[in-house]
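Residue numbers (UniProt numbering), protein chains in the order written: chain A, 1 to 340; chain B, 1 to 340.
Hints were generated in silico from the structure; no laboratory data involved.
On a predicted model such as this, the values are computed, not experimentally measured, just so you know.
Hints should not be assumed to be uniformly reliable.
Any copy, or any two copies together, can satisfy a pair, since identical chains are not distinguished.
Here are the simulated DSS-like cross-link-like pairs (lysine-lysine), alpha carbons at most 30 Å apart as the crow flies [to be verified]: (1) K113 - K258; (2) K201 - K278; (3) K278 - K146; (4) K169 - K4; (5) K324 - K35.
The chain contents come next:
2 protein chains.
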Amino acid sequence: MTRKTNRQFTLAARPQGQARLSDFELVESAIPSPKDGEVLFRNTLFSIDPYQRNLMGNGSSEWPVIEIGDPMGGPTVAVVEESRNPDFAVGDHVQTWTGWQDYAVSDGSDLRKLDPNIAPLSTALGPLGLTGFTAWYGMTKVHDFKPGGTLVVTGAAGSVGSTAAQLGKLRGFRVVGVAGGPEKVAFLKRELGLDEAIDYKADDLEQQVARALPNGIDAFFENVGGPLFPVLMEHFNTDAKMTLCGTIADYSDTELPKGTNYLPRMITLIHYRFVSIKAFATPYVLDTFPEFLAEMTPLVTSGRIIYGEEFIKGFESLPETFLKLFDGSHSGKKLIVRAD
Amino acid sequence: MTRKTNRQFTLAARPQGQARLSDFELVESAIPSPKDGEVLFRNTLFSIDPYQRNLMGNGSSEWPVIEIGDPMGGPTVAVVEESRNPDFAVGDHVQTWTGWQDYAVSDGSDLRKLDPNIAPLSTALGPLGLTGFTAWYGMTKVHDFKPGGTLVVTGAAGSVGSTAAQLGKLRGFRVVGVAGGPEKVAFLKRELGLDEAIDYKADDLEQQVARALPNGIDAFFENVGGPLFPVLMEHFNTDAKMTLCGTIADYSDTELPKGTNYLPRMITLIHYRFVSIKAFATPYVLDTFPEFLAEMTPLVTSGRIIYGEEFIKGFESLPETFLKLFDGSHSGKKLIVRAD
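Only chain A is shown next, with the shape it has when bound in the complex (with noise of 0.2 Å):
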């Protein structure tokens, strides 16, 4: 729906520990207009994503945060609505990087044309879009991971973490997944047709995992952090490779947890198992994207993987529907905001 203001949510200030609503701006401005080469778009799927965390800063990322004022960032997908760009038609579908606002203008350099008749347009959010890229290239690009033995997932009921075990599945290794809760565990099993799900929630969790892990790691697609991941890496094997991909349950840290010090155990798995522990960023390495588009969308459009939408109605809903993320209560589809 067209409208005569463009809506902006900015960051009000940085969290203290988790984000809150308060954090949050909401301020209105006049629609801008586009230059001779430029095109006016309206968003009308917004991207709600964990590491949207990192951009407000003051938790444990280390990387450039936006200015306070500024709207927040994000994947988009959006309608042209004015185009002085010959390469760009009013109608045209497009997938931006311009966050949480109605309107922007581009000169067309960052924008990526989406045909609806090819998949859904809002995969070009999810396993078609960053959340894909993500998940494909950490389990393709990172580490030579051998298939065949076993692949840890954590985060796996998440939107990253679930195309990443579906392409364990498919490339021969046996999968286990970690997420919390019965509901999540039963998907994984059930709908992912992952080899174990493991429960991070549950009273058993050490058992869960032994169990889960009779021949050990050897390959881990790492999301989560947190108290989780001591459990975990006693079951490296030599030699066993991991994606550092993220850790939620890290983001919002302001200081480091006391307790138990695992970072001469951590030491001691890599100086004796050979451990190796990459990460990446998919901002250094979108050249790979058409690779990716070109592996995937067969994959996505057949159905051979599969990929959980929740749609929250509203852009007002923004705020609210991203603070979902950390508390573990979503479900952990991937997490769409449609306009209103």
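Based on these hints, arrange chain B on the given structure of chain A.
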């Protein structure tokens, strides 16, 4: 001096924490006789190395340990006393792996012939032996260390560390050494010519570290571990590379320390600075030993790489000499026990 019996120091008990004299037992037995194809040799120089603690068990190491009742392992220099193998003559000097015993036999396959005209025999245990090989391999083959940045070497006054630090200088790094106490710090700057030296025992450790590392750490050669590491790791630059050679401060630990849990911070550094930590184990990479000798022999014999040796007389001093490594009292020079 030829003897009538063979003395051995065997493992009497697995240490609880720090090793003690009572963990060793001196036993005497008949001198073995070489079979056809074998040689009998007498050990004349015994190498004392931190990793030998790991052979005793009940510490942080996960590698195979020696059995109770077996002689302590380690490299030695020996002289052939009887030969039934055409490749060896009586009086030949060889480097062996037979550990803490006067005599042993071998089919020759694990013996390295030494030429005392090229370099002093003791160097076969130090800069041209396992010690130097460990330093060279860790500096050369583990990471693609890019010269020009800042290299930090911990345990830099020790025999492995001092060789690694000097290789770093020769290869164009700005080298910062870490050692304990003002004498070792003076040695690092005056004798080894390092750019900066940090005394990890000083009260102002954090300030010293910050002063010595204005441009952070690009390459790191780790020998120590313990509480020093979390202080240093804060200075890792993006893409910093760490060779994990050893953690002498942790070898005797039977449980993890309490207090601040630095593991999430380590994971954060890997996540956001792409720090890469790799370990190695010399037994698996001995195929590069000839390449090591080719590069290091001229550096050592010409004095471009210097080394310290401290000779202790008498086979029976082996256990107490070894224990000096772990109380921080020894000079950092390579400890070598000379047979009586």
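Tested hints:
1. Taking the closest pair of Cα atoms, K113 and K258 never come within 30 Å of each other, the shortest separation being 48 Å inside a single copy and 54 Å across copies.
2. Taking identical chains as interchangeable, the C-alpha atoms of K201 and K278 lie at most 30 Å apart only when both belong to the same chain, with a minimum of 27 Å there against 32 Å between chains.
3. In this homomeric assembly, K278 and K146 come within 30 Å of each other (Cα to Cα) both inside a single copy, at 15 Å, and across copies, at 19 Å.
4. Within a single copy, K169 and K4 get their C-alpha atoms no closer than 49 Å, and across copies no closer than 66 Å, so neither meets the 30 Å cut-off.
5. Taking identical chains as interchangeable, the C-alpha atoms of K324 and K35 are never at most 30 Å apart, the minima being 38 Å within one chain and 76 Å between chains.
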